[in-house]
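Visitor: Construct the complete structure from the given sequences, taking the supplied hints into account.
Top to bottom, those sequences are chains A and B.
Reminder that position 117 of the first sequence reads as 116 in numbering that gives the first Met the number 0, one-by-one numbering, no gaps.
Reminder that position 81 of the second sequence reads as 80 in numbering that gives the first Met the number 0, one-by-one numbering, no gaps.
Treat each hint with caution, since some may be false.
[What the hints assert, rightly or not] Ranges of calculated distance between the beta carbons of each label pair, as one might list FRET restraints:
#	chain 1	residue 1	chain 2	residue 2	range
1	B	A113	A	T231	55 to 65 Å
2	B	S140	A	V15	56 to 66 Å
3	A	A11	B	G130	31 to 41 Å
4	B	R121	A	L14	56 to 66 Å
[What the hints assert, rightly or not] Far from chain A, by Cβ distances over 10 Å, these chain B residues were calculated:
#	residue
5	G28
6	G50
7	P70
8	A79
9	S140
10	R248
By construction, these hints were calculated from the structure, which means they are not laboratory data.
We put the beta carbon where it would ideally sit given N, CA and C, even for glycine.
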Amino acid sequence: MRTLSILGLLVAALLVSAVAGILVGAVAIEPGDVLAALLGSNDVNGTIIRELRLPRVLGAALVGGSLATAGALLQGLLRNPLADPFVTGTSAGATLAAVLAIVLGLAAPLVPLASFAGALVTVTLVWRLARLGGGTTVLTVLLAGVVLTSFAGAVVTFLLVSSDRLALQLRAVLGWLQGGVSVISWPELGVAAVIVAVGLGFALVLAHRVDAYAFGEDTAATLGVDPDRTTTAVLGATALLSGAAVALAGLVGFVGLVVPHALRFLIGATHRRLVPASFLAGAAALVLADLGSRTLIAPAELPVGAITGLIGAPFFLALLMRSRRIVV
Amino acid sequence: MTSLAATAVTAAYGPRVVLRECSFAMGSGEIVAIVGPNGAGKSTLLRVLAGLLRPAAGNVTLDGRDLTAFPRSAVARRIAVVPQIFDTLFPFTVREVVALGRTARLGAFGRASAEDVAAVGRAIGDLALEGLATRRIDRLSGGERQRAVLAMALAQETDVLLLDEPTVHLDPGHQLATLGLLRALGTRRQLAVCAVLHDLNLASAFASRIVVIAEGRLVREGTPLEVLDAQLVEAVFGDGLEVVARDGRPAVVPRVPVG
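Guide: Have a look at this one:
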């Protein structure tokens, strides 16, 4: 009952922030005109609402929801409350693969698939490193993330500087790297939505099995979870979600860390509740963060990654300092 | 009548052979204690019996069928394992932890049936956890947490229960209480119970049978009286201990003065 009302509240929060995201923007448009635009009016307002604001809001929702869901899955699988796609370097791996795809001149719809592949390789690597770490996985995962992120960043810089194809669109690529949802086209959104739907579907089916990892992989197995198959499926779902998020918005940090963590205080640790709640709350949070990025220093714009970093990084530090127990 | 049997099991972690040609069987209504020095291979034997570690040679059978032929979810309906370490950093409640015992039986999307809910309730009742059911597991004392994890294993409603040093984090009073409870439940429900124990006296007091592992080999098995004699204790644990008879059960005490 309590869970249902919290999920209901989160849906309401997502709807309210989406409405705000569509109503507010660089160009002031009356609510009545916004409605007309949504219904298909053929003027400038129509173009702004339908081609800019609506895809932007939907994109932010998809990115935030995906990152938060991926964060919840990763934290459960790695038994590590400090894991998320950004901190583990998964997003950086996805970025590298996406940039590589652009350099190689692959067709635009293939870019999200490339970033999914990059995310899958990186997150699998992180998981293997965490396993090597035995009891000290929390730090191992963070260190692996630092290393993978700097490596991927170095290769991306190298590619940016040396590729003629990228030089032509350097500004666009740099903007994307910083984490932004400012320009999202409908076709991009469509591809990403399909990938996110598959990833979210997997996440919902797997959620209760992730609970069994709470006391480690051996106990998950004795509780009846096939650890190899389940781990592969969870890593795959994580990669789908973070890959789609990166393809849409580049590097947006800490959403996947903060959202599941905060939600555990509200609805507890059970992933059957945490996974859907994370998607809704992550979506609402990033739509709001994007609204902030557009309005805080208007008419200029911040990349939404700057907003999530401003809020998320101190949160991460506080978590790290408060819980020394989990770091050793 | 359930039987779990290991036949000439050799087990290794990579190149390191930890268990050599161990044969051992247990059945319903038995309480078996596995004892032996540190690093002898006790926990490894338990992992093999639980199907967590595939033997390098030999096999483990459950009611005559090779354990490796069962999918994990089928094993989980027959064999429950109480792990040695059960720390979690997440705020699961006691009831949620106990409900983890039903993982192998849940429906799609983890939906619990009325039978699942009832089994969780029974396990909570068996371990007198009603008052703690909504408390966070990471905020309980060691003894309370132990009971919660034991309830999780009971909620699996298996006929085999394996425990890896279930008393290691407990004070003497809670050690006795835990093992007493295990013996009562084991006898009442005809479970086959097998526990790795460090304390020879607890093994002597609670086990119907003791299995001694040393350097990866099974060196002796039988009733406490048959197994715990001065010769074996000296051979396996060194010459600092003395075996005394107490009410028909052997007790092992340090020689005085020590050293």
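Visitor: It remains to establish, for every hint, whether it holds in the given structure.
Guide: Okay, the hints, checked on the actual structure:
Between B/A113 and A/T231 the C-beta distance comes to about 33 Å, which lies outside the given range of 55 to 65 Å. Checking the proposed 56 to 66 Å range against B/S140 and A/V15 shows it is violated: the Cβ atoms sit about 44 Å from each other. A C-beta distance of roughly 36 Å is found between A/A11 and B/G130, which places it inside the suggested range of 31 to 41 Å. Distance hint check for B/R121 and A/L14: the Cβ-Cβ separation is about 43 Å, which falls outside the suggested range of 56 to 66 Å.
Under the 10 Å C-beta cut-off, the non-interface status given to B/G28 relative to chain A holds; the minimum distance is some 22 Å. Consistency note on B/G50: stated as away from chain A, yet its beta-carbon is not over 10 Å from all of that chain's, at 8 Å minimum. With a least beta-carbon separation of about 7 Å from chain A, B/P70 fails to lie farther than 10 Å from that chain, contradicting its non-interface assignment. For B/A79, the requirement that its beta carbon stay farther than 10 Å from each beta carbon of chain A is not met, with the minimum near 7 Å.
Residue-level check passed: B/S140 sits 16 Å from the nearest beta carbon of chain A, beyond 10 Å. With a least beta-carbon separation of about 31 Å from chain A, B/R248 lies farther than 10 Å from that chain, consistent with its non-interface assignment.
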